[in-house]
Each structure stands twice: as C-alpha cells, then as structure tokens.
Amino acid sequence: CTSETAPAPTAPAATAATPATSPPAPTSAAPTEPSIEKITTPPAVPIDLKTPGKVGSKAAVEYFVALYGYTLNTGDTSLLRAASTETCEFCETYAAGTESFHASGSTAVGGDVTIEFMKLHDQESTENRHVWIVELAFSPRRATAPGGEVQEDPAQTETTAIMAVWTGDAWKIGKHFAVKVEGDPTP
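For the sequence shown, the positions run 6 to 192 when the numbering used here is used.
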C-alpha cells in the first residue's frame, strides 16, 4: 500500500456524437437614445436645514438643486418657493417661468440636476450667509408645447454660485448667480 490518494473518477466519455449546431447569428443592436423620464416624486426635505453652520447650509443647496427637475416636470413650485427667501430673484424667476410654462399647456420630462462638485467660498461667506460654488450636471430634458412642438436639450454642466441664508430657524436659498470659472474664455 502506498500513501498516495487515488485519482478522482472522471466522467465517462460520450459515445454518441452530438449534432453540430451553428453559433447563433450575430444581432445588431441599434443604438438607443437614453430614455428621458418624468420626475414626479419630490426630493425628501433634509432634516439638516434647521442645523446652523456649514452642514445646514450645504443641505439647503443640495435640496434646492434637487428641486429643479421636480419643479420643471410637475409645475409644482411650492417646495422651491418654500426653500427660497423672498428676495431670491433667480428663485422667483424660475418659479414664475415654470408656472407660466405649465399654464400654457406645455409639458416637460427629464432635466434632473445633480451636484458634481461643491465647495464653500469662504471669502464671500459670513456666519449667516454661505456662498457655495457648485458644478451642476443637467440630465437631458424634453419640452413639448401645446401644439406638439418638441424641444430637446442635451445633458450639460454649469458652474454657478448659490448662497444659503440662515433665517433664524432654517437655511434657505437667498441668491443664485453666475461665476467666472478660471480658464473660461466667455466674459
């Protein structure tokens, strides 16, 4: 006897020939455009809106940006207005424009906005006013006028500044404005 182990048994060789099958014919998948979906669910209101300091102001900016697509798709401007101060000109213009757009019978789908980059601009910020530099990524959107005319906007990015203001009990958006990005040739 030896201490070597016996080799494991192998499956018996197939005795019947298997009919040859040809490989499946290649299929050509036509390129498909990304689907543009309607945004109908509002973003959750962050609990940090009532937290003084950077955590709260950052949450206010993130929430405000998350409201863009929802507001455009549904025409419901109440959440956007509630997240903004009465003196925010951009906020009022966006809300009024969205209301007018929907009142005309136009519809929109897509246009979700996400934050790709976000940094507090300390030089322009105070204890109760925080200016955030944000790079926004806009997903494709489609607007349809009452007569059926369609306008499609591709995905795009934009760098902007959004100011969050402490109102004494919560952070709200007080201003949204363009910023000059270093290296950008446009005036």
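Treat the hints loosely; a few may be bogus.
As the list claims (entries may be wrong) - BS3-like cross-link-like pairs, simulated, lysine-lysine; straight-line CA separation at most 30 angstroms:
hint : residue 1 : residue 2
1    : LYS124    : LYS59
2    : LYS124    : LYS55
3    : LYS43     : LYS180
To be verified - Distance ranges between label pairs, derived from CB positions:
hint : residue 1 : residue 2 : range
4    : THR131    : PHE106    : 14 to 24 angstroms
5    : PRO57     : ALA87     : 33 to 43 angstroms
6    : ALA142    : GLU94     : 34 to 44 angstroms
7    : SER83     : GLY152    : 26 to 36 angstroms
8    : GLU42     : GLU104    : 21 to 31 angstroms
9    : ARG147    : ILE52     : 31 to 41 angstroms
10   : ALA183    : LYS59     : 16 to 26 angstroms
11   : SER130    : ALA150    : 11 to 21 angstroms
12   : GLU140    : GLU94     : 16 to 26 angstroms
13   : VAL60     : GLU154    : 42 to 52 angstroms
Calculated from the structure, these hints are not laboratory results.
Since the model is a prediction, treat every value here as computed from it, not as a measurement.
All residues carry an ideal CB built from backbone N, CA and C; glycine is no exception.
Going down the list of hints, with the structure as the test:
Distance restraint check for LYS124 and LYS59: the Cα-Cα separation of roughly 11 angstroms lies within the 30 angstroms cut-off, and the hinted pair is therefore satisfied. As the CA atoms of LYS124 and LYS55 are separated by approximately 20 angstroms, the hinted pair is consistent with the 30 angstroms bound. With a C-alpha separation of about 27 angstroms, the suggested pairing of LYS43 with LYS180 holds against the 30 angstroms cut-off. Judged by the Cβ atoms, the range 14 to 24 angstroms given for THR131 and PHE106 is violated: they are separated by roughly 35 angstroms.
Distance hint check: the CB atoms of PRO57 and ALA87 are about 19 angstroms apart, inconsistent with the given range 33 to 43 angstroms. Taking the beta carbon of each, ALA142 and GLU94 are about 24 angstroms apart, not inside 34 to 44 angstroms as hinted. Between SER83 and GLY152 the Cβ separation comes to about 28 angstroms, which falls inside the hinted range of 26 to 36 angstroms. The hint said 21 to 31 angstroms for the Cβ distance between GLU42 and GLU104, and at roughly 22 angstroms that hint holds.
In this structure the hint that ARG147 and ILE52 lie 31 to 41 angstroms apart at CB holds, the actual value being about 34 angstroms. Restraint check, ALA183 to LYS59: a C-beta distance of roughly 23 angstroms satisfies the suggested window 16 to 26 angstroms. Between SER130 and ALA150 the beta carbons are some 41 angstroms apart, a value that contradicts the proposed interval 11 to 21 angstroms. Taken as a hint, the range 16 to 26 angstroms holds for the pair GLU140 and GLU94, whose Cβ atoms sit roughly 22 angstroms apart.
The supplied range of 42 to 52 angstroms is met by VAL60 and GLU154, whose beta-carbon atoms lie about 44 angstroms from each other.
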